[in-house]
Structures are given as structure tokens and as C-alpha cells.
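S.K.: Chains as they are written, first to last, in my numbering: chain A, 1 to 121; chain B, 1 to 224; chain C, 1 to 454; chain D, 1 to 588.
Calculated directly from the structure, the hints in this document are not laboratory data.
Glycine residues also receive a C-beta, built at the ideal position from the N, C-alpha and C atoms.
One or more hints might be untrue.
[Claimed, not checked] Straight-line Cα separation of at most 27 Å, DSSO-like style, residue types lysine-lysine; simulated pairs:
1) D:Lys517 x B:Lys18
2) B:Lys114 x B:Lys194
3) C:Lys80 x D:Lys361
4) D:Lys539 x B:Lys14
5) B:Lys186 x B:Lys114
6) D:Lys517 x D:Lys365
7) B:Lys18 x B:Lys114
8) C:Lys63 x D:Lys361
9) D:Lys539 x D:Lys197
10) C:Lys70 x D:Lys361
11) C:Lys63 x C:Lys80
12) D:Lys514 x D:Lys539
13) D:Lys365 x D:Lys514
14) C:Lys63 x D:Lys517
15) D:Lys365 x C:Lys70
16) D:Lys514 x B:Lys195
17) D:Lys539 x D:Lys517
18) D:Lys365 x B:Lys194
[Said to hold, decoys possible] Listed below are several chain B residues computed to face chain A (Cβ distance under 8 Å; list not exhaustive):
19) Phe47
20) Leu74
21) Ala101
22) His172
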Amino acid sequence: MAEGQEHPLSVYFWIWGLLFIISAFSYAVDYFQFQGMLRWSLILIFMFLKAGLIVAIFMHMVWERMALAMAIIGPPVVLLFLIGLMAIEGDYTESTRLEYFGADAGVYAEPHSLAASEEHH
Amino acid sequence: MSSVATQQLETGAKGFVKDWESDKQTFHVPWGKAMMWIFLLSDTFIFSCFLVGYMNVRMSTRVEWPPVSEIFSLSMGGAPIPLLLIAIMTFVLITSSGTMAMAVNMGYRRDRAKTAALMFITAAFGAIFVGMQAFEWSKLIIEEGIRPWGNDFGAPQFGSFFFMITGFHGIHVSIGVIYLAVVALKVLRGDYEKKGYEIVEITGLYWHFVDLVWVFIFAFFYLW
Amino acid sequence: MVVAYAIILLVVGTIIFHFWSPWYFTEIAADWGAIDTTVDITFLITGLVFIAVNFFMAYCIYKYRYSPDKRADYEPESHKLETWLTIFTTVGVAALLIPGLFVWGDFVEPPEDASEVEVVGQQWYWTFRHPGEDAVFGNVDIRHIDVNNPFGMDPEDPAGRDDVLVDSNVLHIPVDQPVKFLLRSKDVLHDFAIPQFRVKMDLVPGMITYMWADPIREGTYEILCEELCGVAHFAMRGRVVVEDQESYETWLDGYPTFQEVLDRPEPNLIAGQGAYAVCSACHGADGQGLQALNAPDINGLDAWYVERQVRYFKEGVRGAHEDDVYGRTMAPMMAMLANDQAIRDVAAYVASLPAVYSESTVTGDTARGAEIYTTCSACHGDDGQGIWSQGAPSLVDTSDWYLVTQLHNYQNRVRGYHEADMFGEQMQLMSDILRDEEDFNDVVAYINTLKEAN
Amino acid sequence: MAYVSIADRDHEQEHHDPQSFITKYIWSQDHKVIAIQYGGTAIFTGLVAMVLSSIFRLQLGFPDVFHFVDPTEYYQLVTMHGMIMIVYMLTALLLGGFGNYLIPLQLGARDMVFPFLNMLSYWFFLLSVIILMSSFFIDGGPTGAGWTLYPPQSISEGTPGVNGGITLMLLSLAVFIIAFTMGGLNYVTTILQARCKGMTLMRMPLSIWGIFVATILGLLAFPALLVAAIMTLLDQLVGTSFFMPEMLSMGEANDYNGGSPILFQHLFWFFGHPEVYIVALPAFGIVSDVLAVHARKNIFGYRMMVWAIVAIGGLSFVVWAHHMYVSGMNPYFGFFFATTTLIIAVPTALKVYNWVLTLWKGNIKLTVPMLFAIGFIFTFTHGGLTGLFLGNVTVDLPLSDTYFVIGHFHLVMGVSPILVIFAALYHWYPKLSGKMFNERLGQIHFWCTLIGTYVVYLPMHYIGILGVPRRYFAYGSDFIPESAYTLNEIITIAAIFTAVSQLLFFINIFWSLKYGKPSGGNPWNATSLEWQTPDTPAKHGNWGHDLPVVYRWPYDYSVPGETADFVPQTVAPRDGVVAGRNHGVSTD
Ligand code: HEA
Ligand code: HEA
Ligand code: CUA
Ligand SMILES: [Cu+2]
């Protein structure tokens, strides 16, 4: 190797093309209105594929030495805990809301006034 | 030259252990690159926290989430095409990532002119992206009446998170555009002829990261 | 050397302090002995470790003190020792954790037969709601809350009609009957804690949390708010009374269901005016008050506040203290008001009198007063008009000399002394901020300036 | 290869000593000067926070005697006290101060890898301090929301400082985080990439390990605080509803809708728990070095110590919700977090054992730094053990949000790291100034601080068990016996005594600067690199012409067969054999 991350240009063109194609796929997921599990898994798969390609090739992670790669990929593992637990938490919060406040939550786009505010002087 | 530079490094798991056991330096990369990677790691945590917040609030609200793909549609010849603008923005950003990757490559080939040109192109794509984002924002705000504090379609957090996270991303892109332009100018001036062109790669890392974040935003905000 | 002895002394001192200190858990009143047991286990294990580690350290310091002729040992590590210590610690920690997890398992799953009661927190007092006969709580929503519906009951929800609304900061619960507390906050975070029950839980606006306890000892226990909720956090108190089933039921009957609240007739101003004839002798026909008779200006006060005070006078909750010379004149007057409806009528009439500010008589340093008033404004409002949700009355609509008297009364515990006085204790704690005569005058003088600003 | 080797970089780093006073001391890029700037600023803020605590202690101890605190001010004082102490004093002092000073010196580097960024870091830190302090002078005063800044309360009417205090606090935190990131990137990169020849990771002094892992924790945990701060700011200023549910405010429903207050708490503690280790780990590291030097013995179980630091660092990201057992989060989380929390006690326990075992069979010199280090072991063990009470979810039920918690964290954080900081300041004072401090005065200072704080913090636990809640301006409860008030008076007196006795330290420092005996370059006969610099105090560039070369770990004390009872890291092995222990791979 001469100086740094030097790879044949064709690699980049390949990845470039792939990224376009995958993006088009994920766009198609919405365009054809897939729903439910299928939609979610497709979205996630395409997302991770794209992210993986960018990190691996464009950011040269596959060519980096393992010491660096691990140091960068390792720590985000703790985020998985955060994500998982916050998903459970969000669910729990919603369940108490539905149970005690009812499901008919309106949207208040504009400030709503209450009897109280007039009542009071 | 230092001993490490000439010595053949082992690869794989064995190299991994060796690297961590070595003296002087752990990663065989320039200081600036190591620092950029660590910074990006830290930045990953920022974006992740934003997205985790988004997930949690979206899951816990009792109010319907607005119909995303309708809101983000763009009329083409009368018919609304969902996510058209976003699709274009995605393509612009990916393209810029491609040109950036080429710039890095040209840099290491010491092709000053091409490197600088590609970087300027990248920056231009970045600027176009920001411009389109500004257009999208103004459309949402003016036409759809979506505000950070509320909207007519459903949960008010839709606008809050949307503007906050895309805004934060937009700031990253804008900083990236400036960063790219500055480095490109210096490349052109020949500042790195002696020092080497790692700086282009470091700038590139930042730029690809911005693209990376967009991949997640695209999936979680527009498609979900 | 001294330091080795000092460490031993500190350890011994700590142990003596532990056993001799009179400061320990209050006597338990709920069936949470298991919690106390886990605490004991924890004390035992950590205590032993504490003693062992420190004594060993003191020993080392003593034994291996410096001498130029000696050499320290050279032993970088000992895997065997380290392994043993790891195992020992893991075992110790597990011994703490496992019983704890079992008890926590109990805590998160209230028994099937637990009765339910809702605890409602707001800045800065407690109220309560029972689900009524159907044992189902009606839906609530912040948007329904106003001065006539402080609980935010959904009028559309039939399940809420029989809910009993306890607009008091004293909760009664029957003894030996597990109760699940559903916790709801109307504004910010609060925390429902009763030291004698051992358990506590935060109230989170926008959701309902819960905890449960099985009271085993009759008595009256203090409810503390243990989550910072603003300036009056420390003054947010209430009481739980644990009593036998019968007294409990009598108590509960004393509170109206939501249906009954809805059915209340509108206050009758004519009747109120009639009743007010007696009052006008002192407070004047326009409610302007008469200092000579120590009767304050009452026009402009809100109906809810007048109603509450009248009720307190009538029930001896206020104005029955022997030192409350002027307050005591009120009780006989109130006897003339036959029932709650009469009280509401007269209160509505007073509230309908045109608000005319009375003359200022108190002078003081208004700049200092303004500083003191920063705290007061959290309840009485920046403009001194009072805030209904805080239960705090207008201060500008009454006579300034009367404010001074009342502040003294609170501080001397002449007002707010009664258990049933929902807000008295709070104002007592607040009045303690005023340390000398000048403070009283300064703050009231500042309140006078608010009248002019209006 | 791609990278330019370190050897080449050395030439770049060879600066000439800057000339003018301004470039030398104000806009300096020398890590040692930046360290002193950071440290000085942090100590100043710490003193402010200490004075605040004395003031509010007077209210707690003598509510009937003293005049000057009302509830509004009380909450402002407590909040500022807590926030300043944790973030602006401890974090800045341990990482900005000691981190900056020690990293290049102990690793044999000339400076941080990016000195300019390092300088910028300090100036941003100073800016954040200025923003923070300015909130004392604005209308409405600083925020009184508690250092945890929980919304909705922190941005709702009824809390002191909602009109600006909280905004400044959040802004200041954001600026602090930027400053920290600039510094932190420097520390981590320097440690990873700019060590001298022979300095493997496993030959680094434990101080560096502590600072290293703490900095990584900071880089990964502060983002959560930044995000929480940004979202809170938007809720307050723009009217979004991230954390704000529909709620009543001053009798009227506000315009918020559907936010989740619990989410803030999760984000806050996802930062907050690592944060407590950010201030603990550097202290752990530094105290290890002080103990080894003054016990003339290697640190016991170096490898274990390193792995314990790494393990604590990693685990600290999965225990955060132990601060939220009674917050109304999903109650089943209690099982998970109680378990992880108690697991983290195991590596911590090993560290405690290893400190004590370092003393065992040592040749202990009871110098002033050593006294402070021993004091640390005592207070930290005590505080750590009370942490086990709180970590055990059931036991936390009665104790959460009472003075027991206050007692716990003041022992582990309000005194343990402080004792280490003093140990460190005394230990490295000769290096910083070239002078020796006054031993006697240092000893008195130690006794006053140790006994004083213990008298303050031990009784707090018992008041807490009794049931006295924290953040109470006044008590007035039925179940609190008269004797508890007396105890509170004693605590207050002890607190003020301790606070005043800190003067001894400053007297000592300044007096010795002028009249202290010259210390020489290595007064403690220590092995690590910072003691081997050609000049004391070290000059710009640290090492004169040649960088040091390291041959051994930094704990070669009392090596059998050596005449001196210490062998500096730079001493080459005799006959090709390292007499002492040689962790890591040999270099040649
Ligand atoms: C330096 C700071 C620091 C450190 C090191 C710790 C260490 C620990 N902390 Fe602490 N903690 C704080 C600072 C710190 N904490 C702060 C600031 C708060 C309050 C924040 C606020 O609310 O304002 C807090 C609050 C806090 C809570 C929340 C309480 C509540 O609000 O209800 C909990 C609960 O789990 C907890 C637990 C622990 C535990 C288990 C440890 C453990 O890491 C301790 C481990 C150490 C030991 C255990 C001692 C040594 C071990 C041995 C000698 C051996 C053996 C033991 C056995 C065999 C049993 N802490
Ligand atoms: C590092 C952290 C730290 C330190 C050192 C202290 C030091 C002290 N703290 Fe602090 N305290 C906190 C962190 C700290 N505190 C936090 C986070 C809170 C929670 C806030 C909240 O609830 O929001 C709190 C809350 C708190 C309360 C509870 C208030 C309440 O809940 O109502 C009390 C009550 O007595 C108290 C008292 C004291 C006292 C008397 C001292 C001392 O003054 C003890 C004596 C002095 C020393 C030990 C000297 C220390 C020296 C320096 C600080 C100067 C630095 C200089 C050099 C190193 C050279 N503190
Ligand atoms: Cu309510 Cu504190
Ligand atoms: Cu913690």
C-alpha cells in the first residue's frame, strides 16, 4: 500500500449503485403500501444494509484493523439496552394511559381555554 | 521511519491482540483519524438518544401518529407522489457520498485537482440537500401547518421530533459543507502535499457519517 | 500510627452509633415486615464487611509501618486470593439480592383482593378518590379540570358517576385490608410516601402509577411528598388514618359521589343575601369590613375560599383556638347557616359583591417585601389574586391589617392547628419564613402595591 | 503505511517556549498550563458550591436563628450546590485538571495530540462557568429544580428560576458538554496514540487508566444529557411536548400534550449514572498510584485493577434506572436493574480489596498524601456499602429520596473523591511547584476534613432511615423527634467547621509556594514517568530533547535484588532481564 485507503475505483461505483438500488427498494416499500410485519422487517433490513455498506466500504471499516473496528462497533452495544428498555417503557406508559384516561384523547392544536380561567377573576 | 511502519503487521484476531498490546499507538492510523472516529462514536450516541426519545414518545402517546406518507408527498402533474422530495434528497446525499469516496481515493493518488474538484462537488450536493430541506420545512410549515408544537393531523410530537432531528442533521450537513469547502481550498493550494492527504479521508468520514444518519432518519421518520 | 487507631475508633464509633442511635425506622404500620428484614440482612452483611475491611486495613497500617530497614513484599498478584475474594463477594452480594428480589416481586404484584383508592397529587396537597360501588374508576382528563370539577372527572363516563370524591388531604383506610393506591398527578411529579408503611412511589403526570400496602396498625400517619415538586414541596403534607371497617365506612359516607356533586343545585343568591344580613353587621353591607370590629374586607374573595372558611369556622376547624380572639367570634355566627347548601349560597353571594379594595394601613419596605413575596407568589400568584388550584386565596381582596393578623396566627399555630384543616399546616410552614415584625409588614406592604398595579 | 509514524511527529511537536506572558499563561496550549487553568477554575467553583452548602446548612440546622434563606433561595442553593459540585467541580477538576496534567507526563508525550483544541476546551469550560454563574444575577435567580432538573417541574411555574435560571443552566450544560468533548477527544486520542516507546497499555499507571475509561464514559454519556437538555429547552422555549404531558399549571391546563416525564429521567440517568463513575474512576486510579508510592509496594493485582475499571465502566451503562425504582417506570425493570447494580459492586469490591492488600506487607510511609488515601478507602467503603442498600430495590423503597441517599452519595462522591483530590494535590505539589508543602499543616487539614465530613455524613443516613425526606426546606412533621433536630444542628456545625478548615489547605499551598523547601525532582522516590522529567516543574515539551523510553510497569517498588526500593520505568533492564514485573510485550 502506498499511502492510505486506496482501493480500485470500481468498488465505489459498485457500492454507489447498490445504495441507489436499496434506497429504491425501501422507497418501494412505502409506494406499494406494504403493511404490518412485512413493512417493518423490509424497512429495517434495507436500512441496515445501507448503513452497513456505508460504514464498511465508504468509511473503509472493512479495511481497518480489527482493533479500531471493534473499538468503534463495541460501545454502541449498550445502546441496545437503552433501545430495548425504552421500547418496553413506551408500551407500559401507553397502557396506563389507555387504562385510566380512556382512548379518546383529542388533539389540541390550539390552546384550549377552561372554565377555570374565566371563573378566576 | 519508525520501526512499526516498516514492520509487517499481523492481521485478524492475532493482530487485534497485538495492536492492543503494542506501545506508542494502538490504532495504526493518524491521530486525526482516530480522533474523528471517536468523535463519530460520541455523535452516534447523540443521534441514538434522539431517536430513542422519538421511539419512546411515539409509542406512549395515545394520539394517532399523523399519516406520514401523505404529509410528505409532493404533487407532480396534479397527482401527489408520496415521499418524492425525500427520495430525491436521499439520492442527492448518496451521490454526494459517492463523490466523497472518490475524492478520498484521488487524494491518496495525490491528484490535487481532482480531489479538490470532487470535494467541491460533494459540498455542492450537500448544499443542495440543505436547500431541499429548507424547501421541505417551509412547505410543511406554510402549507401543511405543521409546527414544532402541534399540527392538524395527530400527535404534536410528530412535528417536534421531525424538526428537531432533521434540524440537528441539517446542522451537521451544513457544518460538513463548510468543512469540505475549507479542506478543498487547502487541497487546491497544495497545503497537504507534504503532510499527506489523510485530512481528506477524515473529512470523508464525517461526511459519510452524515449520510449514515440520514439512512436512519429516512427509515424511522418517513417510512415508519 | 494514629491513623490506624483512628480507623478502629471510627468503625467502633459507627457501630455504637448504629446501636445506640434513637434515629431508626419508625414503628411499622403496614405488612411490609419483609422490607425491614431485607434491610436487616443488608445491615448485617455490609456491617461485617465494613468491619472486616477496615480492621484489616488498620492492622496493615500498624503492622507494616515504615522502617528504613524493612522492605515491602514484592507480590504483584495472587490469582488464588483474587479468585476467592471474587467468589466471596459474589456470594455476599447474592445473599443481599435474592431476598430483595422476592420482596420486590410481592411489591409489584398487588394481591387480587386489594381494594383500590386513587391518590391525586397537585401542587401542593393531596386529595383522593374511591371507585364507588362498581369498583371501577371513571375516566379522568386534565381538560375536564376546573374549579367545579377539581378531579377532572369525565362527565360522559358512566363508570365515574358513583366515584366518591374525597376533597380532603386526610385519607382513611380500613385496617387489615390490602389497599392498592393508584397514583395520579395533576401537574408535576410528586411522591406518595408514608414512612410507617415503608413503601413509596412517584406520581407522574400523564400516567397512573401504583403501589400497595396492607395496613396492620391503627393510627394516623403522615403522608410526605418525596419528589421535588416546586417551592412548597416540603409543605405538601397529608394524613392517612388507619381504622376499623365501621369507622371507615362512616367516614366514606361523609363524602359525595360524583353524581351527587353534579346534582347539587346552583347556589341561590337570594338565599345567600338573606343569610348575609347577619354578616353585614360586622363586614358591612358591601363586604368592605370594619377594622374597629376586626372584621376584614371580604368582597372580591372567591366563592370556593369563602365557602371553605365558613365551613371551617362552623366545624371548629378554624377559629376555635383559645388564643384566636377574633376568630372565636365567628363560630356562633356560622351556626346560623343550617347546611352545606346555605354555606354555598352565602359564599356565592359574598363572591358576587363588587370587588372594592380596602384602604392600605400597613407600611413597610416594599422592596424587601417583594423579595419575600417571590415564594408566596407560587401559590397566591404574581398579582396576589390567589390561585384556586393551589387552594390559595386572594390576598389583595382583603384588609391588609387582617393579613398581618392571620400571618401571626399561622405562625403562632393559632390558625391551621386542626387536623381537618387542609391547608393550614402548609401556610404555617410558609409563615415561618417571616422572622420578625418587619418581615410581616414588608410583605404585606408589598401586597398593597399589587392592589395599585391591578 | 498510511499513518505518519510517531517518531516523525515528534519533530512537529518540538515547540519553542512561547515568549510573552499572554501566550505562556493565558492563551497557552501547554497541557500543564491548561491543567492549572482548569483546576483553578474548578476549585473556585467548588468553593462557591461549598459556601452555598454552608448557607443552606444553616437553615437546616438552625431554622429559628438564621434569617437569610427562604424556600425559593433554599432550592436554588441546593440545586446549584449539587450541579456545581458534580459537573463543574469534580468532573472538570479530575478530567480537565488532572487528566490534562497527568496524561502527557505519565505517558511520556510532549503534549496532548491537538493542543489548540485542548486550549479551546478550557475556554469553552470557562464560558460555561460564566453562563452558570450569571444565573445568580438575573431576575428570578438560578434554577431551583434540583440538580436532576426533572421536568415538568423544572420548567413549570412554581419552581424557582423558571424565568431564565433553568435556561441558563441548560445552556451552560450544553457548552460544558462541548468543552468536555473537545478535551475528552484529546485525552482518549493521546492515550491511545501518543505514548512513548515501551509504554504499552498494560504499563500505564492506574491514574491514566481511570482517567481514560472515565473520559470514554463521558464521551458516551454526556450525549444523553445533551439530548435531554436540548429537548427540555425546546419544551420550555418553543412549546414542544417531549417531556411535558397535559397538565395543570397555576390552575390552568397548559398547552402541552402527550409527553413523557419518565423519558427525561431515563435519559438523564443514562448520563447520570455513568457520570458518578466519571468522577469515581479517576479517583480510583489516582489513589492506587498514591497508595503504591507511599506504601513502597506494587499495587496489588494490577491486571485485575485494570479490568475492574473497564468492567465498571462498561456496566455503568446498564444500571441507570436504579435511580428510578420509585419513579413510576415499568416496575418490572426493578428486577433487571437491581441485579445489574449489585453485579457492579463486585469489580468495585475487588478494587477495595486490592487497595487494602497493597498496604498489606508494605512499608508504609504515613505521608500526607497517604493519609488522605487511607481516609479515602475508609469513606469509600462506607459509602459503597450504603450504595448496596439503595441498589437492592426493596431496601430502596423506604430509603429512596430520604437523607439516606444524601448520606450515601456524599460519602462516595462528596468526600471520597475530594480526599483523593487532596491526596493528589499534595502528592504532585512538588512536581507542580518544585517546593515541598508543610507536613504538619497538611496533617491537621487531613484530620479536620476526615473527621469533619464523617460527622456530617454518617448521621445523615440515620435521619434518612428515620424517614426525613431530602430537599425539605423545613420539617415540622409529627414523627420526627426533637433529638433529630439536635442532630441536624451538630451536622451543620460540623459542616461549617469542615468548610472553614479547608483554609488550611490554601494557606499551606500559598505559603509553601514562597517558603517551602525545594523538593527536588522526585521527592517520593516514585517510578512513574512524570517524576523523571529533566526539569521540575516540567518545561514546555516536557522531556527536553529526547522522549523517555519505558522498560517496565510503573510499580517496581521494593524489587528483590535491587538496592534502591524503587526502579523508575525508564531504567533499562540489567543484563537484558527486567528484574521486576514486566507487563505487556517487551519492545525490542
Ligand atoms: C462517586 C459517586 C458514586 C459512586 C461510586 C456510587 C456507587 C454506588 N451507588 Fe450511588 N449515587 C451517587 C453517587 C455514587 N454512587 C449519587 C450522586 C447519587 C444520588 C443522585 C441523586 O439522586 O441526586 C447516588 C444514588 C444511588 C442510588 C439511587 C438511590 C435513590 O435515589 O433512591 C442507588 C441505588 O441503587 C445507588 C447505588 C450505588 C451502588 C450500588 C454503588 C456501587 O458502585 C458501590 C460499590 C462499592 C462497594 C459495595 C463498597 C466496596 C465493597 C466491599 C468492601 C465489598 C464487599 C461487599 C459485600 C460482600 C457485600 N446510588
Ligand atoms: C462533589 C459533590 C458534593 C460535595 C463535595 C458536597 C459537599 C457538601 N454537601 Fe452536598 N450535595 C451534592 C454534592 C456534593 N455535596 C449533591 C449532588 C446534592 C444533591 C442536590 C440536589 O438534591 O439537587 C447535594 C445535596 C446536599 C444536601 C441536601 C439538601 C437537601 O436535599 O435538601 C446537603 C444537606 O446537608 C448537603 C450538604 C453538604 C455539605 C455540608 C457539604 C460540604 O460542604 C462538606 C464539607 C466540605 C468539604 C468536604 C470540602 C470540599 C472542598 C471543596 C468543595 C473545594 C474544592 C477544593 C479543592 C479540592 C482544593 N448537600
Ligand atoms: Cu409534591 Cu413534592
Ligand atoms: Cu447510580
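S.K.: Does each hint fit the structure? Answer for all of them.
M.R.: Here is what the structure says about each hint:
The suggested pairing of Lys517 of chain D with Lys18 of chain B is violated, with an alpha-carbon distance near 46 Å, which exceeds 27 Å. Distance restraint check for Lys114 of chain B and Lys194 of chain B: the Cα-Cα separation of roughly 18 Å lies within the 27 Å cut-off, and the hinted pair is therefore satisfied. For the hint pairing Lys80 of chain C with Lys361 of chain D, the CA-to-CA distance comes to about 17 Å; that is within 27 Å, so the pair holds. Proposed proximity of Lys539 of chain D and Lys14 of chain B is contradicted: the alpha carbons are some 40 Å apart, above 27 Å.
Annotation: proposed proximity of Lys186 of chain B to Lys114 of chain B holds, straight-line Cα distance about 13 Å (limit 27 Å). Among the hinted pairs, Lys517 of chain D with Lys365 of chain D is consistent with the structure: their alpha-carbon atoms are about 19 Å apart, no more than 27 Å. For the given pair, Lys18 of chain B sits about 38 Å from Lys114 of chain B by alpha-carbon distance, which is inconsistent with the 27 Å threshold. Using a Cα cut-off of 27 Å, the hinted pair Lys63 of chain C and Lys361 of chain D holds, with the two alpha carbons roughly 8 Å apart.
In summary, the hint linking Lys539 of chain D to Lys197 of chain D is supported, as the alpha carbons are separated by about 20 Å, within the 27 Å threshold. Our distance criterion of 27 Å between C-alpha atoms is met by Lys70 of chain C and Lys361 of chain D, whose separation comes to about 10 Å. The suggested pairing of Lys63 of chain C with Lys80 of chain C holds, with an alpha-carbon distance near 23 Å, which does not exceed 27 Å. At most 27 Å may separate the alpha-carbon atoms for a hinted pair to count; Lys514 of chain D and Lys539 of chain D meet this at roughly 20 Å.
Restraint check for Lys365 of chain D and Lys514 of chain D: satisfied, since their Cα atoms lie roughly 26 Å apart, inside the 27 Å limit. The straight-line distance between the Cα atoms of Lys63 of chain C and Lys517 of chain D is roughly 31 Å, outside the 27 Å bound, and the hint therefore fails. For the hint pairing Lys365 of chain D with Lys70 of chain C, the CA-to-CA distance comes to about 12 Å; that is within 27 Å, so the pair holds. Between the alpha carbons of Lys514 of chain D and Lys195 of chain B the distance comes to roughly 46 Å, so the proposed pair goes past 27 Å and is violated.
The straight-line distance between the Cα atoms of Lys539 of chain D and Lys517 of chain D is roughly 20 Å, inside the 27 Å bound, and the hint therefore holds. A hinted pair counts as satisfied when its Cα atoms are at most 27 Å apart, and Lys365 of chain D with Lys194 of chain B does not qualify at roughly 54 Å. With 8 Å as the threshold, the beta carbon of Phe47 of chain B stays out of range of chain A, its nearest partner Cβ sitting at about 10 Å, so the hint is violated. A distance limit of 8 Å between C-beta atoms decides the matter here; for Leu74 of chain B the minimum to chain A is near 13 Å, and the interface restraint is violated.
Annotation: interface hint on Ala101 of chain B holds; nearest CB of chain A at approximately 5 Å, less than 8 Å. Interface restraint check: His172 of chain B against chain A, minimum CB-CB distance 15 Å, threshold 8 Å, status violated.
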